[in-house]
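> Now for the letters of each chain:
Number of protein chains: 2
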Amino acid sequence: MVSRLLVSPEELFGDGVFETVHVRPSGPWLLAEHLARLRRSAELLDIPVPADVADRVAEAVAPGLSDFSEISEMALRIMLTRESLHVAVSPIPGAALRERRTGIRVISASIGHELGRRPPWSLSGAKVLSYGSNFAARRWARHQGADDLLWLSDEGYALEAPTASLVWLADGELCTVPAGEADILPGTTARELLSAAASVGLESGERMITLAELRDASAIWFASSLRGLAEVTALDGVARPPSAWTRRLLNALGYPLAP
Amino acid sequence: MVSRLLVSPEELFGDGVFETVHVRPSGPWLLAEHLARLRRSAELLDIPVPADVADRVAEAVAPGLSDFSEISEMALRIMLTRESLHVAVSPIPGAALRERRTGIRVISASIGHELGRRPPWSLSGAKVLSYGSNFAARRWARHQGADDLLWLSDEGYALEAPTASLVWLADGELCTVPAGEADILPGTTARELLSAAASVGLESGERMITLAELRDASAIWFASSLRGLAEVTALDGVARPPSAWTRRLLNALGYPLAP
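If you read the sequences in order, they're chains H and R.
Take the first sequence: its position 182, counting from 1, is numbered 182 in the numbering used here, and each next residue is one higher.
Take the second sequence: its position 19, counting from 1, is numbered 1019 in the numbering used here, and each next residue is one higher.
By construction, these hints were calculated from the structure, which means they are not laboratory data.
Don't take every hint at face value.
Computed list of chain R residues with no C-beta within reach of chain H, every gap over 10 Å [stated by the list, open to error]:
id, residue
1, Ala1062
2, Leu1097
3, Ala1137
4, Ser1195
5, Ala1198
6, Val1200
7, Leu1211
8, Val1238
9, Pro1242
10, Arg1247
Some chain R residues judged to face chain H by a derived CB distance under 7 Å, without partners named [unchecked claim]:
id, residue
11, Val1007
12, Pro1119
13, Leu1123
14, Ser1124
15, Tyr1131
Note that CB positions come from ideal geometry on N, CA and C, so glycine has one too.
Bound conformation, chain H alone (with noise of 0.2 Å):
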């Protein structure tokens, strides 16, 4: 696994794209969709993907796939600056396992505009690696007492989480923000979950939903590729109950269930 990367002092500056994504013994899932995201970002930026991707991938992940007897998961990172790609193998942190299996506790906070007034060079819909923002917003919730962040528009729509998507069950229906009617990165885990819930038995759409309708959800989930999904056990200091769909829905995505 990469530990260490040769990089010039421009690429400290988080000017490029990244992708995250679940590697699984069968290797990385949803990579034809993580890399056309990467594609999509990467344009947003004016920063030309190298013809190589998939070859530096499979080359990066091909020596953790032998680990995979004593592990069954692991995390790849690809990382396009202005001036280089970066792909590194390495372990799933173990907040990202444990908020899987133990769900987390969610505040809600404006982002301090409405829907429609993200400035014209806004990245807001590429996965950007300048993430000292997002950072900062998990690092404030965890002061306020809380795993994580659900970001509201000023109106009080729920948009996303600062790494994950917002996916929720209502009336049998399970539910994403639309991307582009919201202004937010498209969930690549997210899409994967509401294209398999017809398999479980459930409708599935995309809705623009306010923070008032959100909490009459039967279940809560923030969904990422390395937590999957991570069941919102309270939202905004009020406990909600545990729902049995957390583990038929991490099932049916095929990540590992804690035993």
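Chain H is already provided as a structure; the job is to place chain R on it using the hints.
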């Protein structure tokens, strides 16, 4: 001069702070002020500053100082991620020298919200490595045919530029925007300029200013460490007469002037 750095993958996510310092034959200019701001930025991100930061800077700058028979200025970057401190010395980018010499055409655009509407985890008072959005704003300005961008609040107050502070001269007073009130980064070069105002017979002050008022200023500059002062030669497509103060103020600050 440092060309490559060894980093961990986590260090590519812009989760750190930095300073850019102008290096002269006498050494790094305003180093104490830049290190003080680095410490304030790091505190906002909960990152401890290594005790040997000044030694690391001296060590990085020393070999470059012996080159000063041929060149008269260099760039020093101090970059502190959550994992390590990186110090790099490099030539001043050609664009910075050109913009100091010939000025810049600037367009203005709103950041999409009113003053005081930043979320509680905002890092706007810290100089954060996550510069993806700053670079995107400048690329957007260039696509509009300008060289740089002036950020406005939604109410129309002029705030700062993606990589510079706003400075202007009106009624014999050299002014900049109050960082606290405007919720922007305090500018090190701009503050030094205001301190030097009296030495060239000007008053100085910090004021909020609307775009309409700014248009009536006798001269406008963007102030930053490497450019020093770049005079705004056109604002939103309207050409502005060159100011005799540009050379006088660059001289007062000790920046080399083009022959």
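> Please list, smallest to largest, the hint numbers that this structure does not respect.
3, 14
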